[in-house]
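Chemist: Take a look at the letters that make up each chain.
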Amino acid sequence: MELNLFGIAILLGVYVGVVPVYLGLFSLPLLQRLKREWLDFLVCLTLGIMLFLFVDVTAEALEAADKLPAAIAVPADGQASVPTLDKLLYDTFGADSGTILGPLFMLTGFALGVLGLVEFGRRLDRLMEAGTAWGGLFNPAKLSPQMQLALLVSLGIGLHNLGEGLAVGVAYGSQSFALATVLIFGFAVHNVSEGIAIVSPISRSQVDLRTLALLGLLAGGPTIIGTLIGIYIFSNALSIVFFAIAAGAILYVVIEITTSLGDRFRNSHLNYLGVMAGFTVMYLTSLLVLL
Amino acid sequence: MRPGFAAGAIVALLAFMVITPGWFLPPGTTASGSLLVGHLGEHAAPESDCGPVSDDPIKRVTLVAQATVWEVAPGESFPTWSFNGIIPGPVICLREGDTLILTLENRLSTIASFHAHGLAREPSSDGTYLTASYAPPGGSYTYTLQADAHSVGTWAYHDAVAELDKDPFIDGLSLPESGEGIERGMFGAIIVYGEGELDEAGLPAGYDHEMVLVEAEFESEVTAGPVYMTINGKIAPVTPHYQFQAGETVRFRVLNVGPNANHNLWVEGLDWRQTQSGTVVDSVLFGALEFGDFTLEVGDEPRETQYTCSIDGHEEAGMHGLFSVIA
Chain A
1 MELNLFGIAI LLGVYVGVVP VYLGLFSLPL LQRLKREWLD FLVCLTLGIM LFLFVDVTAE
61 ALEAADKLPA AIAVPADGQA SVPTLDKLLY DTFGADSGTI LGPLFMLTGF ALGVLGLVEF
121 GRRLDRLMEA GTAWGGLFNP AKLSPQMQLA LLVSLGIGLH NLGEGLAVGV AYGSQSFALA
181 TVLIFGFAVH NVSEGIAIVS PISRSQVDLR TLALLGLLAG GPTIIGTLIG IYIFSNALSI
241 VFFAIAAGAI LYVVIEITTS LGDRFRNSHL NYLGVMAGFT VMYLTSLLVL L
Chain B
1 MRPGFAAGAI VALLAFMVIT PGWFLPPGTT ASGSLLVGHL GEHAAPESDC GPVSDDPIKR
61 VTLVAQATVW EVAPGESFPT WSFNGIIPGP VICLREGDTL ILTLENRLST IASFHAHGLA
121 REPSSDGTYL TASYAPPGGS YTYTLQADAH SVGTWAYHDA VAELDKDPFI DGLSLPESGE
181 GIERGMFGAI IVYGEGELDE AGLPAGYDHE MVLVEAEFES EVTAGPVYMT INGKIAPVTP
241 HYQFQAGETV RFRVLNVGPN ANHNLWVEGL DWRQTQSGTV VDSVLFGALE FGDFTLEVGD
301 EPRETQYTCS IDGHEEAGMH GLFSVIA
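Protein chains in written order, with my numbering: chain A, 1 to 291; chain B, 1 to 327.
Each hint should be verified, as a subset may be incorrect.
Covered stretches of chain A, as calculated for chain B (at least 3 residues, CB under 8 Å) [said to hold, decoys possible]:
#1 6-18
#2 21-35
#3 260-267
Bear in mind the hints are in silico, worked out from the structure with no lab data behind them.
Note that the structure is predicted; figures quoted are calculated from it, not measured.
We treat Cβ as the ideally placed atom computed from N, Cα and C, and that holds for glycine.
Using the sequences and the hints given, assemble the complete structure.
Modeler: In structure tokens, the structure reads:
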């Protein structure tokens, strides 16, 4: 099938982010047969997965911030060109601004991620109290705390997948097909576990197909935005902000999951093993992506 | 959700995962097929990598510094850097008197440059760290160089700054350490033809084939595995298989792009005549970043032999291949 670049960008996002997440989501019937204590184990598995993503995306954000000075410094004779957005920073703030702007973008993005999700969580709470449908997407009567957690996990993962899409898009856009191939298949395998992470909190609930579809789209859809941006408007400054927002959002989700488990966490071998297992699975599958 | 439905959905999604890569992966992402180069069939005109060289005195070239997973042999690959996704990068072909306007697009997360040997240029087109003539990550840089009378021959170009933005200076020294680009595969050949070396059609006159042969070593810190001694980016058994017809004259453009090792290229029973000086040697011994061109007569007898680097351990590390003379 012949696709233009735009079509390919979308297909890449679907392939890397959306389909693998749904593959994980459809493990739900299997999870629903599990015994009670194993459900806590699964939530802890999710926690381990999110912890890994937090470490991973934070490192990406810090590295991108580190590189910004070199990225926007244009040699004096003006022969060089840099991506439009980075050039704008150079024109507005000067060649040396990277050392300040990098950390500034990092911290701003991080704050946006954390506070953005706090605000989102508060709105969900209020909607549940008021009993009104939110944008017609969710029936608030069904928004159990477990469902709320699943929703937040989806959002956090979605923001993280934006970064993965970005990496794939930049590699593909620069014709590094061999690298792009490694990234595409590595991330795809990696992302199946993210689908499992999303449905773990709701494996005891009745979940209709529409809700499941929406959760998958929240987590996987941003990958498509990432591949589009990566292919068409790569910018060093923008990638710091994206990675930092994802880091902040995931930190919030990690804290929410931990508090939702409360006392049940205490000295439970099984639960800590769950955290370890989640982290290990993510780490090992991330090794598929050689870099 | 019924388990049957979920199982059906999983099968459909897996089918999607299997079918669609054919839509977004370009065909032939990994090189394969015949390794034969040289005389592959009847040809009326001399054959070279450059093809006909245009007589436009301005030559424009774009190189893209990019991350690449390079396959040195089937099943043996490592993530590294390259120009345009190939190692060595594209051959740059010029005539004496030409101006080369080269745009370097940098898709690496480190700075990158184009540093040429043998061509005249201002400091701002030198591609070195101290002259700040490099492209930032995601950006580009344009170089202007001239091929003058002294440029005729065979030269290398390579990156000279990659990774210098990380730890620019060696402890206690005020000069930056040379970049990582060249040891990771960011290099290629430049050919400058002198007056009278090309015919009316822009093809080399006076010999039948022209081959570019680039020697390079990839150290363990680059490959995260064994040391590879490569010819044109490959190790045996996938190095080029040179084939010529009995009686042909061939010009070999040989480059040792290092970064460190010496190489001594040898073919049994073959004399190498250095084109400009006329000196005849029975093997081509080059230190790192030495280059030259040699004209040789392949002989009248059909035979099947090997070319190899005679320095200890290099043949074992992949630096050899087949050399055939056919009837």
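Chemist: Go through the numbered hints given earlier and state which of them the structure violates, listing their numbers in rising order.
Modeler: 3
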